[in-house]
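2 protein chains.
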Amino acid sequence: MRRRVSIFGSTGSIGCNTVDLLRHQGGVESFDVIALTGGARVDLLARQARELEAEIAVTAYPEHLKTLRQALEGTGIKAAAGPEAIAEAAARETDWTMSAIGGCAGLEPGLISLKHGGILALANKESLVTAGPLMLATAQKYGATILPVDSEHSAIFQALVGEDISNVTRMILTASGGPFRNWSHAQLAAATPEQAVAHPNWDMGKMISVDSASMFNKALEMIEAKEFYQVDPKIIEVIIHPQSVVHSMIGHVDGTLMAHMGVPDMRFAIGYALNWPKRRSLPIKNLDLAALGALEFEAPDEQRFPPLRLAREVMMAGGLSGAVFNAAKETAYGAFMARQIGFLDMAALVEQVLSAEIDLCDLKSTTIDLETVLSVDQQVRIKTAEAVKLRQAS
Amino acid sequence: MRRRVSIFGSTGSIGCNTVDLLRHQGGVESFDVIALTGGARVDLLARQARELEAEIAVTAYPEHLKTLRQALEGTGIKAAAGPEAIAEAAARETDWTMSAIGGCAGLEPGLISLKHGGILALANKESLVTAGPLMLATAQKYGATILPVDSEHSAIFQALVGEDISNVTRMILTASGGPFRNWSHAQLAAATPEQAVAHPNWDMGKMISVDSASMFNKALEMIEAKEFYQVDPKIIEVIIHPQSVVHSMIGHVDGTLMAHMGVPDMRFAIGYALNWPKRRSLPIKNLDLAALGALEFEAPDEQRFPPLRLAREVMMAGGLSGAVFNAAKETAYGAFMARQIGFLDMAALVEQVLSAEIDLCDLKSTTIDLETVLSVDQQVRIKTAEAVKLRQAS
Numbered sequence: 192m193r194r195r196v197s198i199f200g201s202t203g204s205i206g207c208n209t210v211d212l213l214r215h216q217g218g219v220e221s222f223d224v225i226a227l228t229g230g231a232r233v234d235l236l237a238r239q240a241r242e243l244e245a246e247i248a249v250t251a252y253p254e255h256l257k258t259l260r261q262a263l264e265g266t267g268i269k270a271a272a273g274p275e276a277i278a279e280a281a282a283r284e285t286d287w288t289m290s291a292i293g294g295c296a297g298l299e300p301g302l303i304s305l306k307h308g309g310i311l312a313l314a315n316k317e318s319l320v321t322a323g324p325l326m327l328a329t330a331q332k333y334g335a336t337i338l339p340v341d342s343e344h345s346a347i348f349q350a351l352v353g354e355d356i357s358n359v360t361r362m363i364l365t366a367s368g369g370p371f372r373n374w375s376h377a378q379l380a381a382a383t384p385e386q387a388v389a390h391p392n393w394d395m396g397k398m399i400s401v402d403s404a405s406m407f408n409k410a411l412e413m414i415e416a417k418e419f420y421q422v423d424p425k426i427i428e429v430i431i432h433p434q435s436v437v438h439s440m441i442g443h444v445d446g447t448l449m450a451h452m453g454v455p456d457m458r459f460a461i462g463y464a465l466n467w468p469k470r471r472s473l474p475i476k477n478l479d480l481a482a483l484g485a486l487e488f489e490a491p492d493e494q495r496f497p498p499l500r501l502a503r504e505v506m507m508a509g510g511l512s513g514a515v516f517n518a519a520k521e522t523a524y525g526a527f528m529a530r531q532i533g534f535l536d537m538a539a540l541v542e543q544v545l546s547a548e549i550d551l552c553d554l555k556s557t558t559i560d561l562e563t564v565l566s567v568d569q570q571v572r573i574k575t576a577e578a579v580k581l582r583q584a585s
Numbered sequence: 192m193r194r195r196v197s198i199f200g201s202t203g204s205i206g207c208n209t210v211d212l213l214r215h216q217g218g219v220e221s222f223d224v225i226a227l228t229g230g231a232r233v234d235l236l237a238r239q240a241r242e243l244e245a246e247i248a249v250t251a252y253p254e255h256l257k258t259l260r261q262a263l264e265g266t267g268i269k270a271a272a273g274p275e276a277i278a279e280a281a282a283r284e285t286d287w288t289m290s291a292i293g294g295c296a297g298l299e300p301g302l303i304s305l306k307h308g309g310i311l312a313l314a315n316k317e318s319l320v321t322a323g324p325l326m327l328a329t330a331q332k333y334g335a336t337i338l339p340v341d342s343e344h345s346a347i348f349q350a351l352v353g354e355d356i357s358n359v360t361r362m363i364l365t366a367s368g369g370p371f372r373n374w375s376h377a378q379l380a381a382a383t384p385e386q387a388v389a390h391p392n393w394d395m396g397k398m399i400s401v402d403s404a405s406m407f408n409k410a411l412e413m414i415e416a417k418e419f420y421q422v423d424p425k426i427i428e429v430i431i432h433p434q435s436v437v438h439s440m441i442g443h444v445d446g447t448l449m450a451h452m453g454v455p456d457m458r459f460a461i462g463y464a465l466n467w468p469k470r471r472s473l474p475i476k477n478l479d480l481a482a483l484g485a486l487e488f489e490a491p492d493e494q495r496f497p498p499l500r501l502a503r504e505v506m507m508a509g510g511l512s513g514a515v516f517n518a519a520k521e522t523a524y525g526a527f528m529a530r531q532i533g534f535l536d537m538a539a540l541v542e543q544v545l546s547a548e549i550d551l552c553d554l555k556s557t558t559i560d561l562e563t564v565l566s567v568d569q570q571v572r573i574k575t576a577e578a579v580k581l582r583q584a585s
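So the sequences go chain by chain: P and Z. Letter by letter, the first sequence follows residues 192 to 585 of my numbering. Letter by letter, the second sequence follows residues 192 to 585 of my numbering.
Calculated from the structure, these hints are not laboratory results. Treat the hints with care, as some may be off.
As the list claims (entries may be wrong) - Cβ-to-Cβ under 7 Å is the rule here; a few derived chain P residues that face chain Z:
1) Ile356
2) Tyr420
3) Pro424
4) Ile426
5) Gly446
6) Pro455
7) Ser472
8) Leu473
9) Ile475
10) Leu478
11) Glu487
12) Ala490
Claimed, not checked - If you want the footprint, here are the derived chain P segments under chain Z, 3+ residues with CB under 8 Å:
13) 208-217
14) 459-468
Said to hold, decoys possible - Computed cross-link-like contacts, PhoX-like style, restricted to lysine-lysine with a CA-CA straight-line distance of at most 25 Å:
15) P:Lys306 with P:Lys574
16) Z:Lys269 with Z:Lys257
17) P:Lys425 with Z:Lys469
18) P:Lys306 with P:Lys332
19) Z:Lys306 with Z:Lys332
20) P:Lys269 with P:Lys257
21) P:Lys397 with P:Lys269
22) P:Lys476 with Z:Lys425
23) Z:Lys269 with Z:Lys397
24) Z:Lys425 with P:Lys425
25) P:Lys397 with P:Lys425
26) P:Lys574 with P:Lys397
27) P:Lys469 with Z:Lys469
28) P:Lys469 with Z:Lys425
29) Z:Lys306 with Z:Lys574
Note that the structure is a prediction, hence the values are computed from the model and not measured. Even for Gly, the Cβ is constructed at its ideal location relative to N, Cα and C.
Looking at chain P on its own, in the form it has when it is part of the complex (with noise of 0.2 Å):
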C-alpha cells in the first residue's frame, strides 16, 4: 500500500533520518512524497525532493528560493518560500506527515496537516506545549492520529501498547542531563554558546541541544507529555540517566515499570511512527547491556535546572502558559546565542517572565486557537526581549 508522505523539516536531524528512513523502506517504491520543507539549506532540500521525487519543495526563506528553484531545475518538483508556502505545503493531502520544523514555526503545518485525517508524527515539541488542546482537539475532529516522535515520548506510547492509562501512576522521563550534568552553579552562569550546543548522545539542532544542556528540553517535555497523555501533573517524573539507553518509562498501579531501551538512535521513535501499529525491522543496532555495563540514574538537582520546576508551574497552570513559557524560553535562547545574556539568565528572565503572566485570566482558557497562541507567543517574546535589554543594562 503506497502512502502520500510529507516531511515539514526535512532538512533538520529529524527530516534527514525520516528520508534515510524512507529510503530504507523502499523509498520512491513505497511513497509518493508530497511536500518536503526546510531552511537554508537547499542545495540538500533540493538532493532529497530529487531522489524522493516530492512534489513540492519549500524552504522558509524567500532568499533562497532562487537557488533552490535553480537546484530544482527540469525536475518537474514545484519550488516555494516563505510559511504561507510552507502552509500552502501541509493542506496538500497526505497519509502521513512529519512535523519536525523547530520551534513555535512547526505548530501551523502540522495542525493544518491534520485536517488530512491521517498520521501526524509529532517531533515538534512546542505543538503541544504552547496548544495541546488545540492540536487534541484538531485531531479528533478530523479523525486523526498523533503519534509522538521524540524520543521519550515516543518510548512512553510503545510502553503503553495494550496497557490501560488510568492505571498508570508515573511518567517517568529519562534526561540525559546534557554536558552540563556535573557542572557547579558558577561553571553553569560562566557557559558559552559553544559549550552549551555539544550535546553527548544525541546529535540534534542547535537550539534543542542548547534546551538539553539547561534542561528546557525537559522541562517542554514534561508540558508535552500532560498535554498529550492528559494525565495529572504530578505523575510525570524526570530523571537524570547520562546514558541516554532508556529511553523513559511508565509506571503502573502494581509497582511494575515498562521501560523502553535501545541505543541513542532517533528512528527507533521515527521508525515507530511510520511503521505503526506494526513493528518493522529498522537500521538500528541491537542493545549491547553487557558491553554497557551499568545504567546510571540519579534525582535532576532543581536548583541548577529551575526549568524542571517551572515546567511544573506550567502544567498546573494549563492554558496558555505552555505558550507563554515556550516563546520565554525561544527569546531568551536567542539572547544567549547572541552573547547578550548568561546561560544561567534564559531560566531566570523566563521566571520573570511567567511569573508576570500566569496570573493574568486569559492564560487559563481552555478554548486556544491558533491566532490566540500565535498572538500570545509575539507579546511574549516582544516582553523577554524588553527584559533582556533590562537585565544587560542593569
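Keeping the supplied structure of chain P fixed, place chain Z upon it in accordance with the hints.
Chain Z only, in chain P's frame:
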C-alpha cells in the same frame, strides 16, 4: 465477582505470597478458597486454611495428616494427605489455581487443574520443562489460560502485552548471578550446601536457591521460555544483572528492548496473574532508580556455569529431553545437599546423563503424556543415582 481459588504449594514462598495477596484483595470476602496444599509445615497450612475458610487442606506427607487433622478440628475443613489426595484436590473445580509445588511433583496437579478451563498461575517450572507440549495442548483442549508466575516469564508476558510475538527477536532473561557470581572455579568446586542456599535478592525455597547459585534455575527458565512462548531457542539470551530490578526483557525487530522493572518482590508476578488481564494496586514498593544509582549487566560465564550451555542442548533436542534434564538435576541436587557430591559435580552429572539419553529416539517424540514423563523421570533418577555412586567410588 467471587472467584474459586486453589493454591498448590501454599506454605512455600510463592504460596505464602499468594495467600498474602488474597488477603490484600479481600480474602474470604472476595474468594471462595477451595484447596490449599502444603508439605511438612502443617501448622501454617492449617492457619491458612482457617483464615481463608478453605474447603480442603492437603499435606503431601501422610505422616503429618494427624497433626493437620487436629489443627483443623471443629472447622469443617477437610484434611487429607498424599499425592492422590493432592490430585483429588486439583480435580475440584476452580476459576484460578496457583501451581507452586516445587519440582516434578507439581506437574500432575497443574495438569488436572487445566481441565477446569480457568486460569492456571504457573510457578512450577518443571511443568513446562518436563512436559511443555502436554501442558499447552491440555490448556488448549480445555480452553484454559496459563499465566507464568516466574518473575522472568511474568516480566516477558507483561512486556508482550499488545505486541506481536512474531516480531520478537530477543527474549532476554535476567539472572542475579546468585551468591557465587564472582566465585572462581576452585571456589565453586568447594562450595557447601549452606553457602548455596543463601540467595542475595530473592527469598525462596532451598532447591530453587541452590539452582540459582548453580544457574540451573536460569537453565530451567530458558527451557520454560522456549516451551511457553514457542520461540526459536536462538532468540533466548541470559544476562547477569545483580540488582534483580530488570525482571526480563523483550527485543523487537525494530531494535526496541522492552524491560519490565520493579523492586525484587515475587508478588508482582503473582499479583499480575491474579488480576490479569487488568492491573490492580499491589502492596509493593515503587522502584526508586535514583536511590539505586546503577543497574549493572554482564555476560554470563558458561565455563563456570555450564547449565546454561546444557539448556541450549535441551532446547534444541526438545521432546522429553527436558524431563531427563530436570530429573538428573533434581537427583544431583539431592546428592549435593547430602554431601555425596560437590557443587560442580551437579552440572557434570547432568551433562553425563543427558548426553547418554539425548540420542535415544523416544526423547524426540512430540506426543508426550503424563505417564511417559513420569516414567522417564523415574528412570533418569535411578540412572543419575547410579552415576552419583560411581562418582563417589572413583
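Please write out, lowest number first, the hints stated earlier that are contradicted by the structure. 1, 2, 3, 4, 6, 13, 15, 21, 23, 24, 25, 29
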